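Student: We have chain F already, so just place chain Z on it with the hints.
For reference, the chains in residue letters:
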Amino acid sequence: MILTGELIINLIITLFRIAGGLFLAIVIGISLGFAMATKPLVRNFFDPIVTLTYPLPKPALVPLTMVWLGVTNKAAVFVIFLGAILPVIINTFHGVKSVDDRLIWAAKSLGTPEKNIFWKVVLPASTPYIANGIRIALPVAFIVSISVEFVASRAGMGNLISYYSDFGFYDYMFAVILVFVLVAFVIDRVTVAIMERYLRWYDGK
Amino acid sequence: MGRSKISVRGLSKVFNPLKGNPVVALENVNFDVEEGEFIAIVGPSGCGKSTLLYMIAGFIQPTKGEIIVDGRRINSPGPDRGIVFQEYALFPWLTVEGNIKYGLEEKGLDQDEIDEKVSKYIRLMGLEGFEHKYPKELSGGMKQRVAIARTLAYEPEILLMDEPFGALDAQTRELLQEELLRIWEETRKTVLFVTHSVDEAVYLSQRVIIMTCRPGRVKNTVNVRLDKTLSREDVITSREFVETRHKVWVDVREEVMKHYCIVEG
Chain F
1 MILTGELIIN LIITLFRIAG GLFLAIVIGI SLGFAMATKP LVRNFFDPIV TLTYPLPKPA
61 LVPLTMVWLG VTNKAAVFVI FLGAILPVII NTFHGVKSVD DRLIWAAKSL GTPEKNIFWK
121 VVLPASTPYI ANGIRIALPV AFIVSISVEF VASRAGMGNL ISYYSDFGFY DYMFAVILVF
181 VLVAFVIDRV TVAIMERYLR WYDGK
Chain Z
1 MGRSKISVRG LSKVFNPLKG NPVVALENVN FDVEEGEFIA IVGPSGCGKS TLLYMIAGFI
61 QPTKGEIIVD GRRINSPGPD RGIVFQEYAL FPWLTVEGNI KYGLEEKGLD QDEIDEKVSK
121 YIRLMGLEGF EHKYPKELSG GMKQRVAIAR TLAYEPEILL MDEPFGALDA QTRELLQEEL
181 LRIWEETRKT VLFVTHSVDE AVYLSQRVII MTCRPGRVKN TVNVRLDKTL SREDVITSRE
241 FVETRHKVWV DVREEVMKHY CIVEG
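In the order they appear, the protein sequences are chains F and Z. If you're matching positions, the first sequence starts at 1 in the working numbering and goes up one per residue. If you're matching positions, the second sequence starts at 1 in the working numbering and goes up one per residue.
Please note that the accuracy of each hint is not assured.
As the list claims (entries may be wrong) - Simulated restraints, written as ranges between beta carbons of each label pair:
(1) Leu230/Z <-> Arg43/F: 42 to 50 Å
(2) Pro48/F <-> Leu18/Z: 15 to 23 Å
(3) Leu230/Z <-> His94/F: 48 to 56 Å
(4) Arg43/F <-> Asp234/Z: 57 to 65 Å
(5) Gln111/Z <-> Arg43/F: 39 to 47 Å
(6) Ile8/F <-> Glu105/Z: 43 to 51 Å
(7) Glu186/Z <-> Glu114/F: 28 to 36 Å
(8) Leu18/Z <-> Arg200/F: 36 to 44 Å
(9) Ser165/F <-> Lys136/Z: 43 to 51 Å
As the list claims (entries may be wrong) - Below, simulated EDC-like cross-link-like pairs (lysine to aspartate or glutamate); rule was C-alpha separation at most 16 Å, straight line:
(10) Lys133/Z <-> Asp203/F
(11) Lys115/F <-> Glu106/Z
(12) Lys136/Z <-> Asp203/F
(13) Lys101/Z <-> Glu87/Z
Think of the hints as simulated: they come from the structure by calculation, not from any bench. Just so it is clear, the structure is predicted and the values come from calculations on it, not from any experiment. Even glycine gets a Cβ: it sits at the ideal position worked out from N, Cα and C.
Isolated chain F, as found in the complex:
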């Protein structure tokens, strides 16, 4: 399995899907979280959608995405995106909501015009919350990726796990799971280290 490169190729495929889904979730999730926190109209529209879909297990949507997008990378990325975007939206939303009015006032009295308050105060003040959302989204993306690949994929780590399991190669199956767990662990640690480096000013618990 290692010699033929089967493991590496499938690992790379899964990681690319995770990266794609996470990237979209972060970019769109942050934008939507900000919009919901600052524009009541956006909030009223998306709030019920977010609240209702949060407890929904995203792999339940796999059959539907297969109908829409087929057994493709796009389908896998889409479901990972759906799973990962919710914690990003929710944490960004709360981050923006919890910005202290007095920070905004202080900035205004130090000459920051209203139109720059977002970039100068609201965004930096909410980065710890956004980082937390991304941290929560990360394992969600890993979990969802494997579940999607069980069903709607002809490649990837999830596909490999179900393949070995179907044919009774349980030693191989556990090897794949172990490798995936290790990779996920390392990625999580690296993410946390980067966040701690850039958020060393943050006084949160």
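Tutor: Here is chain Z on its own, set in the frame of chain F:
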């Protein structure tokens, strides 16, 4: 008589909470502040002192009445009015230096000028060696020094201070009071200082405005005639200080008791 620096005319503020009855925070407040004057505003908690200061700062709008600064009616924050909050309101993601620089960069000063002013105010507030620390690494007293330096560096003509030493321990508080007096003697900025400490108000200011309990109105104004060049010890043991303090205390006490009556039923 010259034109007033700040003129508060018939100022009222009513808050309309989503639930419950409207709260009249301030009702028909009138007073004038001369250029270079140090005014203290005292009153029981919840009397709208901070609301009054925030309206002068331009953060919130009055329901009725107007505030005139240098002959112009104000309705938004401006570079002429600097604010210092009780809980510092430092930008936590910026270092001490970054915080002091903030307003200077917003002003669009060139780098040399910024560096010069930053080091001047770091020295003035005794912050040498802390330039690259983040606010979370500082004690309350040091944070407030940074906040004062940040506001002073922007060089506003008016300094609005909302219980700036209220969260500090007694020793730090006294130290910063003396430093504020020294800075005021040097710069002669117009200062509006909100506090609930009668001692602090009388020690620092030239005039104490006493507010009534809700709705907040001006109850009385007491002039303070103390020789600010004397040491703290000599000031607080002087007859003038003791008498003025008593005069203010009696008024404040009366309002605090009224406040208790409302709260207790």
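Student: I want to verify a distance hint. Is the separation of the beta carbons of Ile8/F and Glu105/Z within 43 to 51 Å?
Tutor: The hint (43 to 51 Å, Cβ to Cβ) holds, given that Ile8/F and Glu105/Z are roughly 49 Å apart.
Student: Holds or violated: Lys115/F and Glu106/Z, Cα atoms, limit 16 Å.
Tutor: Since the Cα atoms of Lys115/F and Glu106/Z sit roughly 13 Å apart, the hinted pair holds (cutoff 16 Å).
Student: Regarding Ser165/F and Lys136/Z, is the given constraint of 43 to 51 Å on their beta-carbon distance met?
Tutor: holds (50 Å)
Student: Please work out if Lys136/Z and Asp203/F have their alpha carbons no farther apart than 16 Å.
Tutor: OK: Lys136/Z and Asp203/F at ~6 Å, within 16 Å.
Student: For the hint 15 to 23 Å, verify it against the beta carbon of Pro48/F and that of Leu18/Z.
Tutor: Distance hint for Pro48/F, Leu18/Z holds at roughly 21 Å.
Student: Cβ-Cβ distance between Arg43/F and Asp234/Z: within 57 to 65 Å?
Tutor: Because 60 Å falls inside the window, the suggested range holds.
Student: Given the range 36 to 44 Å, decide if the beta-carbon distance of Leu18/Z to Arg200/F lies inside it.
Tutor: holds (39 Å)
Student: Okay, Gln111/Z versus Arg43/F on CB: inside 39 to 47 Å?
Tutor: Holds: the Cβ-Cβ distance is about 42 Å, inside 39 to 47 Å.
Student: For Lys133/Z and Asp203/F, compute the direct alpha-carbon distance and say whether it is at most 16 Å.
Tutor: Judged against 16 Å, a Cα distance of about 13 Å means the pair holds.
Student: Has the given pair, Lys101/Z with Glu87/Z, been kept, meaning a C-alpha gap of at most 16 Å?
Tutor: violated (20 Å)
Student: Evaluate the given range 42 to 50 Å for the C-beta pair formed by Leu230/Z and Arg43/F.
Tutor: violated (59 Å)
Student: CB of Leu230/Z to CB of His94/F, is that within 48 to 56 Å?
Tutor: Holds, since Leu230/Z and His94/F (Cβ atoms, about 52 Å apart) stay within the stated range.
Of the numbered hints listed earlier, those contradicted by the structure are 1, 13.
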